[in-house]
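Student: Here is what each chain is made of, one letter per residue.
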Amino acid sequence: MSARKLALAVALSAATMLTAISAEARTLRWARSGDALTLDPHAQNEGPTHALNHHIYEPLVMRDRAGKLVPGLATSWKILESDKNVWEFKLRQDVKFHNGNPFNADDVVFSLQRAMAPTSDMKGLLTSVESVSKVDDYTVHVKTKGPNPLLVNNLTNTFIMDKEWSESNNVQKPQDFKNKEENFAVRNANGTGPFILVSREPDVKTVMKRNDNYWGKSAEVPLEISELIYTPIKSDATRVAALLSGEVDFVQDVPVQDIERLKSTQNLRVTTGPENRTIFFGMDVGSKDLKTDNVEGKNPFADKKVRQAMNMAINRAAIQRVVMRGQSVPTGVIMPPFVNGWTPELDKAPAPDVNKAKALLAEAGYPNGFQVTLHCPNDRYVNDEGICQAVVGMLGQIGIKANLVSQSKTLHFPLVQKNPPETEFFLIGWGVPTFDSEYIFSFLYHTRDAKYGSWNALRLSDPELDKKIESLSSETDTAKRNATIAEIWKKVQDETYYLPIHHQMLAYAMKANVDIPVDPENQPKLKYVSFKGM
Amino acid sequence: MLAYVLRSLAQGAVVLVAVAFIAFSMFRFVGDPIANMVGQEASMADREELARRLGLDQPFPIQFLHFLGNALQGDFGISYRQGRPVSALIAERLPATVELAVLSALFATVLGVALGVYAAIRRRGVLANAVMTLSLVGVSLPTFLIGIGLIYVFAVELRWLPSFGRGETVRIGWWTTGLLTWSGLQSLILPVLTLGFFQLTLIMRLVRSEMLEVMRSDFIRFARARGIPARVIEFRHALRNTMIPVVTIAGLQLGSVIAFAIVTETVFQWPGLGALFVNAVQFADVPVMAAYLVFVAFVFVVVNLLTDLAYLALDPRLRAAAPKGAR
Chain A
23 MSARKLALAV
33 ALSAATMLTA
43 ISAEARTLRW
53 ARSGDALTLD
63 PHAQNEGPTH
73 ALNHHIYEPL
83 VMRDRAGKLV
93 PGLATSWKIL
103 ESDKNVWEFK
113 LRQDVKFHNG
123 NPFNADDVVF
133 SLQRAMAPTS
143 DMKGLLTSVE
153 SVSKVDDYTV
163 HVKTKGPNPL
173 LVNNLTNTFI
183 MDKEWSESNN
193 VQKPQDFKNK
203 EENFAVRNAN
213 GTGPFILVSR
223 EPDVKTVMKR
233 NDNYWGKSAE
243 VPLEISELIY
253 TPIKSDATRV
263 AALLSGEVDF
273 VQDVPVQDIE
283 RLKSTQNLRV
293 TTGPENRTIF
303 FGMDVGSKDL
313 KTDNVEGKNP
323 FADKKVRQAM
333 NMAINRAAIQ
343 RVVMRGQSVP
353 TGVIMPPFVN
363 GWTPELDKAP
373 APDVNKAKAL
383 LAEAGYPNGF
393 QVTLHCPNDR
403 YVNDEGICQA
413 VVGMLGQIGI
423 KANLVSQSKT
433 LHFPLVQKNP
443 PETEFFLIGW
453 GVPTFDSEYI
463 FSFLYHTRDA
473 KYGSWNALRL
483 SDPELDKKIE
493 SLSSETDTAK
503 RNATIAEIWK
513 KVQDETYYLP
523 IHHQMLAYAM
533 KANVDIPVDP
543 ENQPKLKYVS
553 FKGM
Chain B
3 MLAYVLRSLA
13 QGAVVLVAVA
23 FIAFSMFRFV
33 GDPIANMVGQ
43 EASMADREEL
53 ARRLGLDQPF
63 PIQFLHFLGN
73 ALQGDFGISY
83 RQGRPVSALI
93 AERLPATVEL
103 AVLSALFATV
113 LGVALGVYAA
123 IRRRGVLANA
133 VMTLSLVGVS
143 LPTFLIGIGL
153 IYVFAVELRW
163 LPSFGRGETV
173 RIGWWTTGLL
183 TWSGLQSLIL
193 PVLTLGFFQL
203 TLIMRLVRSE
213 MLEVMRSDFI
223 RFARARGIPA
233 RVIEFRHALR
243 NTMIPVVTIA
253 GLQLGSVIAF
263 AIVTETVFQW
273 PGLGALFVNA
283 VQFADVPVMA
293 AYLVFVAFVF
303 VVVNLLTDLA
313 YLALDPRLRA
323 AAPKGAR
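Chains as they are written, first to last, in the working numbering: chain A, 23 to 556; chain B, 3 to 329.
Some hints here could point you the wrong way.
Unchecked claim - Pairwise CB distance ranges (calculated):
hint: 1; chain 1: B; residue 1: Val139; chain 2: A; residue 2: Gly415; range: 35 to 43 Å
hint: 2; chain 1: B; residue 1: Leu70; chain 2: A; residue 2: Asp198; range: 41 to 49 Å
hint: 3; chain 1: B; residue 1: Arg161; chain 2: A; residue 2: Ser552; range: 22 to 30 Å
hint: 4; chain 1: B; residue 1: Asn72; chain 2: A; residue 2: Asp471; range: 30 to 38 Å
hint: 5; chain 1: A; residue 1: Pro539; chain 2: B; residue 2: Leu147; range: 33 to 41 Å
hint: 6; chain 1: B; residue 1: Val128; chain 2: A; residue 2: Ser552; range: 55 to 63 Å
hint: 7; chain 1: A; residue 1: Arg347; chain 2: B; residue 2: Gly169; range: 33 to 41 Å
hint: 8; chain 1: A; residue 1: Gly415; chain 2: B; residue 2: Asn131; range: 49 to 57 Å
hint: 9; chain 1: A; residue 1: Asp198; chain 2: B; residue 2: Ala20; range: 29 to 37 Å
hint: 10; chain 1: A; residue 1: Arg347; chain 2: B; residue 2: Val139; range: 28 to 36 Å
Hints were generated in silico from the structure; no laboratory data involved.
Ideal Cβ placement from N, Cα and C applies to all residues, glycine included.
Generate the whole structure from the sequences, applying the supplied hints.
Tutor: Printed below as a string of structure tokens:
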């Protein structure tokens with residue numbers, strides 16, 4: 023026992039001495055429900071994976087805490103006057119990777135090409151890119167297939183790796199799941215980011231230390247955390263208990279029912295805010311007849327009046343109050359407020375009106391309603407199953423009997439994604455990483471083909487709409503482009519193709535000496551964290 | 003004796019293949035891994051391409067034979083969730099689960115037998131009755147509730163013990179152990195109590211009722227009549243004769259604590275096989291699920307064999323009968 027005390031005393035005095043000579047040693051222990059799947063920056067295009075990797079790796083262009091685009095490893099970017107198909111990136115100089123290698127254009131060319139490799143999961147964001155070339159050590163040209171005004175928005179999660187490191191560790195390609203070998207980059211990392219990987223035990227613990235040579239340190243980015251320990255804790259109750267008992271300092275994925283309790287606990291702080299994700303229902307508007315309904319030879323969803331009646335039957339305020347305990351923002355459009363094209367008018371949630379909805383339904387020829395099957399995930403969004411149950415009740419009030427099938431996301435999403443889809447009425451949520459409406463249109467409204475509409479399970483196919491959507495990708499005149507966006511929204515809102523419910527809210531809980539605002543993309547950026555009141 | 007062991011092993015192999023087959027045929031109900039493996043920007047073509055590369059577009063019998071062929075060579079493929087070889091993942095997670103399970107089983111058996119004997123001998127004692135009543139709680143409360151309750155009391159309110167994880171571990175060869183560090187030992191306490199509590203009450207109740215039964219039998223009465231001291235009767239004669247059913251149950255329970263530590267591991271974020279399996283199910287990570295279920299079947303086969311061998315050690319009559327294959 024005395025030996026332990028001695029060791030402790032030595033450690034303490036050593037720590038004090040260290041404080042005196044360098045910046046203070048401060049650890050932040052961070053927990054959320056799931057771990058990053060891999061550290062390989064291009065192997066998984068998935069939220070928690072990016073959230074962790076953003077602390078180690080950096081993209082050319084990144085988003086600050088408000089979601090605004092800010093320079094990352096590129097200091098400036100523009101479309102060339104001489105050739106509208108080429109984006110020019112000027113790179114930051116004097117940046118070093120964690121192993122000391124200098125960062126330059128070769129690394130950018132290598133990384134973007136790696137992100138476009140067949141085994142990369144980031145390639146979907148780079149389909150418009152034709153080639154990447156180095157002009158000089160700190161200038162890179164990205165040539166696109168036709169003008170792409172939004173390329174930069176697609177690069178915010180495309181991390182830059184060190185070419186030499188990747189070559190010497192044989193990780194020129196992202197993990198191939200057919201291979202029997204583990205890719206070295208899965209558990210090892212060499213980035214330019216604010217933290218350096220110290221150790222990684224998947225599903226258990228990832229330890230990072232401060233990168234003292236970080237280029238981006240400033241008044242706004244104080245980089246006060248000297249050690250960052252990331253622990254996934256799957257069970258909600260345990261995660262909250264770990265915060266209450268002081269074993270972790272910051273938790274994400276706070277269950278809505280615990281928010282009030284944590285708020286009222288001394289020395290804890292809870293922050294809430296909207297996530298870049300909207301929850302909504304979709305239905306088969308394209309088929310001649312539905313399989314799961316009880317209407318012969320007709321598809322009720324194909325009738326705009328039916329869709330409007332359903333939209334009117336949903337009481338979004340009640341869902342917000344009862345199902346979400348206030349942790350949502352009811353909406354009338356399937357677009358989070360951060361997105362280019364969003365307006366308060368579009369966002370306004372329609373007022374529920376059961377009588378008018380009934381009248382509309384009768385007008386459409388269904389005075390007694392009809393039956394249909396509703397598919398819902400039960401482990402993907404906040405209280406997803408509860409939302410579906412509430413909506414089943416609300417639709418019941420106007421005579422539409424929805425038979426609810428709620429199941430795990432691994433069963434639910436294939437129904438939506440299969441071609442043709444195997445659901446006729448479903449709930450999904452949608453986030454917009456590019457922060458632009460085009461992303462929503464091309465995945466959710468465009469006719470489903472090899473390139474577009476992979477999430478359009480409506481069987482919606484409107485060639486005129488498709489043409490407008492496609493024109494957005496190459497329109498470089500911002501005013502004209504925004505006008506088209508507004509036009510498309512007007513059209514699809516009028517048709518009521520989807521039934522928007524709400525924007526999902528997130529809650530973070532932490533010790534009161536730090537203040538971490540909710541990040542719209544649920545990627546807390548801990549280099550901004552400052553300790554106070556200690 | 004040897005023939006008996008070999009025959010048991012052969013039967014075990016059949017069980018393993020059968021489990022693999024049933025497990026594999028159920029995976030289609032768990033969902034489609036592709037949806038989890040690609041980002042939302044992936045096109046239809048990307049998804050089909052990935053399914054083709056992984057062989058998921060093949061008919062079920064071909065997929066199964068492929069799996070079996072690889073598994074026979076010790077290759078369980080690569081985790082869809084983590085991109086790492088499944089055999090390495092299982093080897094990495096095994097120590098955590100084994101330490102937890104063995105300690106829980108020890109805790110349950112030692113304390114269970116002791117309390118059971120006590121409750122049988124002092125049948126009408128106040129303490130014995132209190133223990134029996136308490137054991138009802140153990141049998142009826144679900145594991146996750148016990149776990150969360152313990153966390154609330156010992157981690158949140160008293161702050162004596164950690165609420166999650168394994169603490170510091172020490173690496174010995176490929177094995178990692180939490181038994182050699184202070185934080186590792188502290189971390190073990192709550193999960194061991196949680197996992198062992200149900201088994202403890204089960205064994206205790208079993209020992210008590212078996213013991214009461216034996217104490218009423220003729221040979222105990224004769225022993226008493228011969229004037230053998232009570233302690234000797236109770237521990238040498240009576241206890242030994244109650245052990246056969248207890249060993250059976252304890253053995254099977256050891257199998258199930260290894261295999262189904264899932265709930266405890268999830269509650270305590272214990273980095274063992276159970277937690278690995280839960281994550282795999284949610285991701286539809288077929289290679290990990292398949293390997294895990296085969297592993298569990300293997301554990302049961304081995305535990306059953308060991309239990310049978312333990313009978314032989316305990317009961318001399320069986321030793322004579324065993325070679326003739328009476329089972």
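Student: Could you run down the list of hints and mark each one as holding or not?
Tutor: Structure-based check of each hint:
1. One distance hint, 35 to 43 Å for the beta-carbon pair Val139(B) and Gly415(A), holds here, with the actual separation near 38 Å.
2. Checking the proposed 41 to 49 Å range against Leu70(B) and Asp198(A) shows it is violated: the Cβ atoms sit about 23 Å from each other.
3. About 27 Å separates the C-beta atoms of Arg161(B) and Ser552(A), a value consistent with the hinted range of 22 to 30 Å.
4. Distance hint check: the CB atoms of Asn72(B) and Asp471(A) are about 37 Å apart, consistent with the given range 30 to 38 Å.
5. Between Pro539(A) and Leu147(B) the beta carbon distance is about 35 Å. The supplied range of 33 to 41 Å therefore holds.
6. Remark: the range hint 55 to 63 Å for Val128(B) to Ser552(A) is upheld by a beta-carbon distance near 60 Å.
7. For Arg347(A) paired with Gly169(B), a C-beta distance near 35 Å keeps the hint of 33 to 41 Å intact.
8. As the Cβ distance of Gly415(A) to Asn131(B) is approximately 50 Å, the hint placing it in 49 to 57 Å holds.
9. In this structure the hint that Asp198(A) and Ala20(B) lie 29 to 37 Å apart at CB holds, the actual value being about 32 Å.
10. A beta carbon spacing of about 32 Å between Arg347(A) and Val139(B) agrees with the range 28 to 36 Å that was offered as a hint.
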